[in-house]
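Model the full structure from these sequences, guided by the hints.
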Amino acid sequence: MSRVLRRHEFVDDDWVSLGEQPPAEGAVVIVPFARFREQADGWRAWKGPLGVRLSPPDRVEDLAADLACFSLVALEFTGPGEGRGYTQAKLLRKRYKFAGELRAVGHVKQDQLYLMSRCGIDSFALSSTENPEEALATLQRFKVAYTPGAPIPSLTRERFHG
Amino acid sequence: MYRYDDIDQAVVDQRVAEFRDQTRRYLAGELSDDEFRPLRLRNGLYIQRHAPMLRIAVPYGLLSTKQLRKLAFVARTYDRGFGHFTTRQNLQLHWPELKNVPDILEHLATVQMHAIQTSGNCVRNVTADHMAGVAKDELDDPRPYCEILRQWSTLNPEFTYLPRKFKIAVTGSPEDRAASEVHDIGLHLQRDANGAIGFKVFVGGGLGRTPIIGQVVREYLPLTDLLAYCEAILRVYNRYGRRDNIHKARIKILVKSLGIAEFRKQVEAEFEGSKDFATQLDMAEVDRVRGFFRPHAYETLENIDAAHGRELEFQSWFRYNTREHKVPGYRAVFVCLKAHRHVPGDITSEQMEAVADLADRESFGLVRTTHNQNLLLADVRQDALYAVWQELKALGLAMPNIGTLTDMIACPGLDFCSLANAGTLTVADQIQQQFDDLDYLYDLGDIEIKMSGCMNGCGHHHVGHIGILGVDKHGEEWYQITLGGSVNGFSALGEVIGPSVPRDDVAPTIQRIVEVYRARREDGERFIETYRRIGVKPFKEQAYVQSPAAA
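Here the protein sequences come in this chain order: A and B.
Taking my numbering, I'd label the letters of the first sequence as residues -7 to 154.
Taking my numbering, I'd label the letters of the second sequence as residues 69 to 619.
To be clear, the hints were calculated from the coordinates, so they are not data collected in a lab.
Check each hint, because a few of them may be wrong.
[What the hints assert, rightly or not] Okay, derived cross-link-like pairs now, PhoX-like style, lysine-lysine, Cα gap no bigger than 25 Å in a straight line:
{"id": "1", "chain 1": "B", "residue 1": "K333", "chain 2": "A", "residue 2": "K86"}
{"id": "2", "chain 1": "B", "residue 1": "K268", "chain 2": "B", "residue 2": "K233"}
{"id": "3", "chain 1": "B", "residue 1": "K333", "chain 2": "B", "residue 2": "K233"}
{"id": "4", "chain 1": "B", "residue 1": "K333", "chain 2": "A", "residue 2": "K101"}
{"id": "5", "chain 1": "A", "residue 1": "K101", "chain 2": "B", "residue 2": "K167"}
{"id": "6", "chain 1": "A", "residue 1": "K89", "chain 2": "B", "residue 2": "K343"}
{"id": "7", "chain 1": "B", "residue 1": "K343", "chain 2": "A", "residue 2": "K86"}
Structure below.
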């Protein structure tokens, strides 16, 4: 089982991504948003915990009506310059008040964790090359910020307010 | 000027520590070139033709003398003893070693400076009118708003991985000396009917491959909505700006493809829909920052005729290299970095230190960098001008050509930049030689030459009265010439006059172009005014006519 950095702790990843085969009933599964939309009624009736994976062009507005179905939203970062996930995270937390797990997947490097955290992402499926201890340490480095954002323990002051 | 509090200092110190760690991991082989690139770019570090290039931020072009001396120290210690001021008011070092960059940043942090976001696909240094606070035609000093925007954009979590770079300029004067209409966001200070300060917001201007003049997205934006509205613009851009093609990724392409009306609709909807979580700007914070930009303790003086009875050379310098100040008895003085046979914008460490000494004595300890790649001592007493001139002259910084043809803008070009197709510095030198006669230059009057070594347009050639663009033609350096561009309060893009010319023909071609102006001008018309009246055709007809001697 792979490991994931969730709320400042490394834990076993209890989620599985939807593969080609239909999942066992009640499985803890992350469904790509496109697959969800293909069979939305079926997924809405899903018994177990359900997660959804957004790719960068996916619009959070299109997910909003079904957000209550999900206890996890995975945001895909497809490369080092991809930045749409930051806005997706911010809107999910702030406009749509999503309170479940918000997970960064794909190209997730230690150098992005701080900014991702501030946008409200609270779990990270790190790229396999990343050093877990170093990654965790990056979340301790920042003590102050200019703009308002999601709280992280080391960060004690902000200049501007939301 | 603004002084850091503990929050500002901690932000910079954190970033230095982070970058030191990133550099260490890269040098240890833990980060690949591809992984390190976006990290170093967000700290102003390019890998150039010869060495890394470090671009140091000079927020809205304002430097204390302590900062200028530190730049001199850094250039001497870690580079070759000189630096290059850019059109976006920053300083570039062209020869630092990568392993030394964290140390350089640490030195800069001790004087409240940094290189954060001077490159990369993020919000860049916010620029302003170099005459801010001293211009007579100014509605309000733009610098407090620049500083607020600087802080808001620094390591902004949501907007650090944009589709492409993002540049903001703020002007408080109708004569737009900040070229704000060719920025991604241009802010013009306005007052509403009740006299309250706000902004007219332009969006989608830019140069580069697709030069576009910005369009108005909001006629009047109240001051306290500044950050929330910029967030709405950036959010729409971050979501819908193109990421599949680097040449179509700037916000101007998004604005153009949606049309300004649809773009405005989306921004306004985003703005309305984020009221309860957008970043707030309260007047207490505005007042705190404004407090750092209060007028100096000027003496009560009368204007004097400083040039009266002085030698012609001083009179020329006074006329061309100084500007009217809103306070009687003072003038703003250009420190000219356009001496002939000299790379535009370059300055040595010794010159930086001498300018710092001069500014300490004569201009309240502050120096400004200008969009035109000169420096400015903004607050010099008129009765000190002659002595200041003598000192600047001894330093080689008093060439009386500000605003004339040889006060040209040029990017570093092929000699330094790995993007360039053609050299700019040799051409600049040839133009300076061709137009070395000051009387002839003065007769030509205000002419702006702007030159870029490639279509990325760092030298702003599109908006030069005369624009020069270096192009690669089968491995040779050729130059395309445009006429009629401008930005100061009347934005227009230049028109190509015809086929590009080889390097050694650029200066003679320009000579033929300005001769058309001399022959056709009426009653004190400036070059650009004659051009607008008679159009490009007469210039086209003469530009390629070789003189019998040259043929």
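**Prompt:** Going through the earlier hints one by one, which of them does the structure break, listed in rising order?
**Reply:** When the structure is compared with the hints, only number 4 turns out to be violated.
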